[in-house]
Every structure is written in structure tokens, then in C-alpha cells.
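Colleague: Each protein sequence line maps, in turn, to chains W and Z. Per our numbering, the very first residue in the first sequence carries number 5; after that it's consecutive. Per our numbering, the very first residue in the second sequence carries number -13; after that it's consecutive.
Just so you know, these hints were derived from the structure itself, not from any lab. Warning: the hint list may mix true and false statements.
[Claimed, not checked] Derived contacts from chain Z toward chain W, CB cut-off under 7 Å, selection only:
(1) Ala13
(2) Leu35
(3) Asp195
(4) Ser198
[What the hints assert, rightly or not] Straight-line alpha carbon distances no greater than 30 Å define the calculated DSS-like cross-link-like pairs of lysine-lysine that follow:
(5) Lys69/Z x Lys132/Z
(6) Lys140/Z x Lys69/Z
(7) Lys132/Z x Lys71/W
(8) Lys138/Z x Lys69/Z
(9) Lys129/Z x Lys71/W
Keep in mind that this is a model prediction, so the values were computed, not measured. Just so you know, even glycine gets a beta-carbon here, dropped at the ideal spot from N, CA and C.
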Amino acid sequence: MRDVTTESTSDTITAQAQELRRGTVVLACLAMLATPQYGYALLETLNEAGVTVDGNTLYPLLRRLEKQGLLTSEWNTDEARPRKFYVTSAEGSRVCAGLTREWTDLVASINTLTKEA
Amino acid sequence: MTTNSLTERYVHEVTRRIPADQRDEVAAELRASIADTIEGGVADEREVLNEMGDPIRLAAEYADRPLALIGSSTYPAYVRLLKVLLVVVLPIVVVALTVIDVMESNDAGSALGVAIATFFEVGVQIAFWVTLTFALMDRLLSKEEKQETLGKWKPEDLPEITGHDTGSRAELGASILTALGGIGLIVWQRTAEPVTSEAGDRLQVINPDLWSGLIWIPLAGLAIMAVAELARVRDRRHTLPVLAAFSLGELAFSIPVAWWLWDQTFFNPAFLADLENKTDWTPSSGLYTLVALVLLGSAAWEIGKRVRLLLKPR
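If we strip away everything but chain W, and leave its shape as in the complex, we get (with noise of 0.2 Å):
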């Protein structure tokens, strides 16, 4: 059957998958931080990755999920300007596997969900 999208359903179906979208940040960063990663790299990998994140939002969350010792920081001062990379700490490692086990869940019952509809 041919699929009749007007411009407004695309918006609407934008503007949703960007809600959705939106939640896995922080699960996409803490599976990704385990390889260390600098800021702005990470951005880059998130958005190719289709997890579609802006700086302002990206960088204080990495301060928060620092705080809240998910993730730990450095400074690299080997290079001509200092760069600060992230990565998961041992606590961000055992988050990241339970909110990853609660994804697979969701996609789950999303998938039953769905196929019902």
C-alpha cells in the first residue's frame, strides 16, 4: 500500500522520534565512554550514530553523569592545547549493562505493542 505522508504527519513523526530519541542519550553515552572519548568526538560518533544531541545539551550532561560517578574525566596535556576526554567508570559500567538489560525489554514489548496495533 502506498504510503500517503502529508507534511505534517513527517513533522509530527520528526518531531516524536526526536522525543524518543532523546531518552537513550545517556545510555548511548555510557556504552560508548567505554573506550575513552574526548567531547566533541563523542558528539560527532552520538549523531552519525543517529542519537541526535547538541553541544549545550551534551556537555553539561557529561558534567552531571560525572557527578553522579557514572563517568570519570581527564585531562590530556600532551597535545598542543589540553583536551578533556571521558570515560565510564566501574559504576557506569553496571548502569549501563542494568539500563541496557531494561532496553532490550522495552524494545520487546514495544515490538508485541506495536504488531498488535
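Position chain Z against the provided structure of chain W, taking the given hints into account.
Modeller: For chain Z alone, coordinates are given in the frame of chain W:
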């Protein structure tokens, strides 16, 4: 890096709004992130900072501060309190101070001035202090303290539906007060002679000749209207006899007054002459006609509104 570059100015604007102990760390991190983004090559310095957005907003994110004066946890209580104060307390204060002024000076101009000035001064003070208190409460109290002080809404708080039409309780009160106030004003201006002419005489506003004639008709009309509205409070709905009485009163008031306005015999000629002396202005016959028509129109509207509500199926 020059101290006046856009980046430096941006970092300064953001970090000065952050608690001092975090300032240096955030500044360093922000500088590094901005530099990284510029190096990424997609955008130049200005565009990167444009994307980063308003420094106030970013600083609030960093400092975990709310971006609203009165947040959602305290807003409903705020709205309720403000409404009660402005709708109940403010009119009482305005009326009280105006009455005091009338008793002291017996002058219409002074009373009007006091009423308007009090309305704005007290109104603004109320709005300001309530807003300030709630803004502080929103920021300083924990969730539990807020619930303790402001109370949590419960279904018992729901007001009863009294059988009056929506919003009509306030309307009812206003219409009774207006009718009684109208009688009061008309009688008062005769006895108190509130306007002082340029020559120093005391003047009435309404034509004194009317008092030896038919002024009692509109006065009776106002009284009937007040009684009819009070009956409506007791009945809790529109009934035909009460509506008939109200309409009679409304017409008894509006028709003579409209006629006197149109005929230009409503106002005291001495008052009009004094007004012209003071302000160089006399009402034109067009203005009189307009006011008369508006008066009649509003009378028809009030009656029509009540008829419509009476006929509405329940």
C-alpha cells in the same frame, strides 16, 4: 588566544553565572570543546557559538538551575493565591480607602483619584510580593517542604457546582453591587455635591430639576434590579417572575436615563458650564446620543442574555 575573542567573551558570560568553585573547570572544558568543534571544520567560531546558544541557558544547564521564575511544582498554588488576592482583597481595599477619602473630602475628583491610584499601587504591590515569595519558595524549598507549606491538591478541594451558570457567581455579585452602587452614587451626589466649581460653589452632577420630577423611576428600577438579582441567588437559577421583575427594573432605569441623555437634560447645567470652564469641552449631541444608545443596547443585552439562559434546556 586574545582576551576579547568571541570565544573568550562567550566563556566569560557563561562561567560568571556558575558557582565559583566550578568556574575554572567549566571554563577550561568549554574552551576546549569550542576549539574542538571549530577544528572539526564544519563551522567557524561565530557559527559554533551561535549553535551553543544563549549563555544564560547554557549556564543554567551547567549549574542545574531552573529556567523559569516559578516552576511547575509551585505554579498552581501561586495562581490560586494571586487570583484570590486580586479578586477579593484588592477590591475591598480600594473600596475601603475610597470610602474613607469620600468621608474626609466629600469630593468626586479626589475620590476617583484615590480609587484609581489605590487600585494600581496596591494591585502592583500584591502581584510583586506574591511573585517574589513564590519565586524564592520554588528555589529554596525542597519538594517535601513545598508540599507541607503549600499543601497538595486533593479531590476534596473541588468547588461545588452550585447550579449557577459558569462564572455567573461573580457576575451576580457584580450586578447586585452595581445596582446598589448606582443608587448610592445617585443619592450621594445629590447630598454631598461633590464637584467644586471654579467659583467655589458645590455642584451636583445630575440635573437637580430631575429630583422634583421622575428621578425616582430609575432609582426604583435599580432597586428592583438589585432585589431581582438577590432573588436569583436564593433560587439558584433563572425563573420567569424574577426575570420579569428584573426586566421591568432594567427598563425603568435605562429608558428614562437614555431619554434624559438624548434630551441633554440629564446633567446639571451648572456642572456642564463649570466643566466647560475648566476643560474647554462640552459633550456634543452626538456623544449624548451615542451614550443613550449604548445604555439602551446594554439593557437589551442584559435582558436578552437572561431570557436566553432561562430558555436553555437543562
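Colleague: Lysine 129/Z and lysine 71/W: Cα distance at most 30 Å?
Modeller: holds, 21 Å
Colleague: Does lysine 69/Z lie within 30 Å of lysine 140/Z when you go C-alpha to C-alpha?
Modeller: holds, 19 Å
Colleague: Taken at face value, is the distance from the CA of lysine 71/W to the CA of lysine 132/Z at most 30 Å?
Modeller: holds, 26 Å
Colleague: Can the restraint linking lysine 138/Z and lysine 69/Z be considered satisfied, given a maximum Cα separation of 30 Å?
Modeller: holds, 18 Å
Colleague: Is the shortest C-beta separation between serine 198/Z and chain W less than 7 Å?
Modeller: violated, 72 Å
Colleague: Checking hints one by one. Is leucine 35/Z an interface residue toward chain W, by the C-beta closer than 7 Å rule?
Modeller: At 10 Å from the nearest chain W Cβ, leucine 35/Z fails the 7 Å test, so the hint is violated.
Colleague: Starting from lysine 69/Z, check that the Cα of lysine 132/Z is at most 30 Å away, please.
Modeller: Distance ~20 Å between lysine 69/Z and lysine 132/Z Cα, so the pair holds.
Colleague: The hint names aspartate 195/Z as touching chain W; please verify it with the least Cβ-Cβ distance against 7 Å.
Modeller: violated, 69 Å
Colleague: Identify whether the interface hint at alanine 13/Z stands, where standing means a beta carbon of chain W within less than 7 Å of its own.
Modeller: Check failed: Cβ of alanine 13/Z comes no nearer than 12 Å to chain W, outside 7 Å.
Checked against the numbered hints above, the structure violates hints 1, 2, 3, 4; every other hint is satisfied.
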